[in-house]
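Q: Put together the whole structure using the sequences plus the hints.
Take a look at the letters that make up each chain.
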Amino acid sequence: KAGVTQTPRYLIKTRGQQVTLSCSPISGHRSVSWYQQTPGQGLQFLFEYFSETQRNKGNFPGRFSGRQFSNSRSEMNVSTLELGDSALYLCASSLEGRSHGYTFGSGTRLTVV
Amino acid sequence: AQRVTQPEKLLSVFKGAPVELKCNYSYSGSPELFWYVQYSRQRLQLLLRHISRESIKGFTADLNKGETSFHLKKPFAQEEDSAMYYCALSFTGGGNKLTFGTGTQLKVEL
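The listed protein sequences correspond, in order, to chains E and P.
Heads up: the first sequence begins at 11 in this note's numbering, then just goes up one per residue.
Heads up: the second sequence begins at 179 in this note's numbering, then just goes up one per residue.
Derived by calculation from the structure, the hints in this document are not laboratory data.
Using C-beta positions, here's what the derived DEER-type ranges look like:
id, chain 1, residue 1, chain 2, residue 2, range
1, P, 243, E, 80, 39 to 45 Å
2, E, 13, P, 257, 24 to 30 Å
3, E, 22, P, 181, 31 to 37 Å
4, E, 121, P, 188, 23 to 29 Å
The beta-carbon is built from N, C-alpha and C at its ideal position, and this holds for glycine as well.
A: In structure tokens, the structure reads:
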């Protein structure tokens with residue numbers, strides 16, 4: 011059974027640019043969540059999608075957005091990149107129901123220069 | 179708002195010694211609690227869930243609603259237990275959203 015796949019693994023972008031990250035969940039998982047992980051702030055929740063609908067949103071500016079497709083694959087987009095957006099972005103998928111927990115991907119390491 | 183607190187950033191123990199990683203939470207409802215582990219250069223992975231009441235790799239965790247705690251314990255630490263451990267909580271009405279603590283780095287010394 012394939013795990014959660016995130017692409018690309020590494021990205022280097024310049025301030026002001028935009029970036030799109032992709033996540034393919036485990037087959038059968040319809041819930042996909044995104045987290046930002048940094049040494050200073052730890053794991054910060056970005057948003058959760060379920061059946062193509064955003065169900066939860068964290069406390070991030072509107073530059074951060076996402077979507078989910080009918081096959082449950084998800085993308086997140088960050089526009090007008092800032093240096094502070096440099097982080098590891100993690101995608102996690104889950105079966106429906108809050109007791110299951112997540113399966114995480116390996117993440118996309120974004121560096122903004 | 180829900181909150182998860184892991185008071186120790188770093189916990190260092192000797193091999194064979196007991197381990198207790200502390201986790202406290204604040205949530206007025208009925209929580210679902212988890213422990214996640216991240217070994218060096220590996221992805222974050224689920225270690226155990228309170229609802230399953232299982233022991234994984236010798237680790238156990240008991241939910242204490244009176245003390246709002248979910249401490250992770252292991253009677254005898256092994257070198258391979260060295261990793262970053264995160265406690266997480268999900269709450270009613272939050273969908274599948276997990277709120278994570280800041281993590282505790284466990285270092286098992288020989």
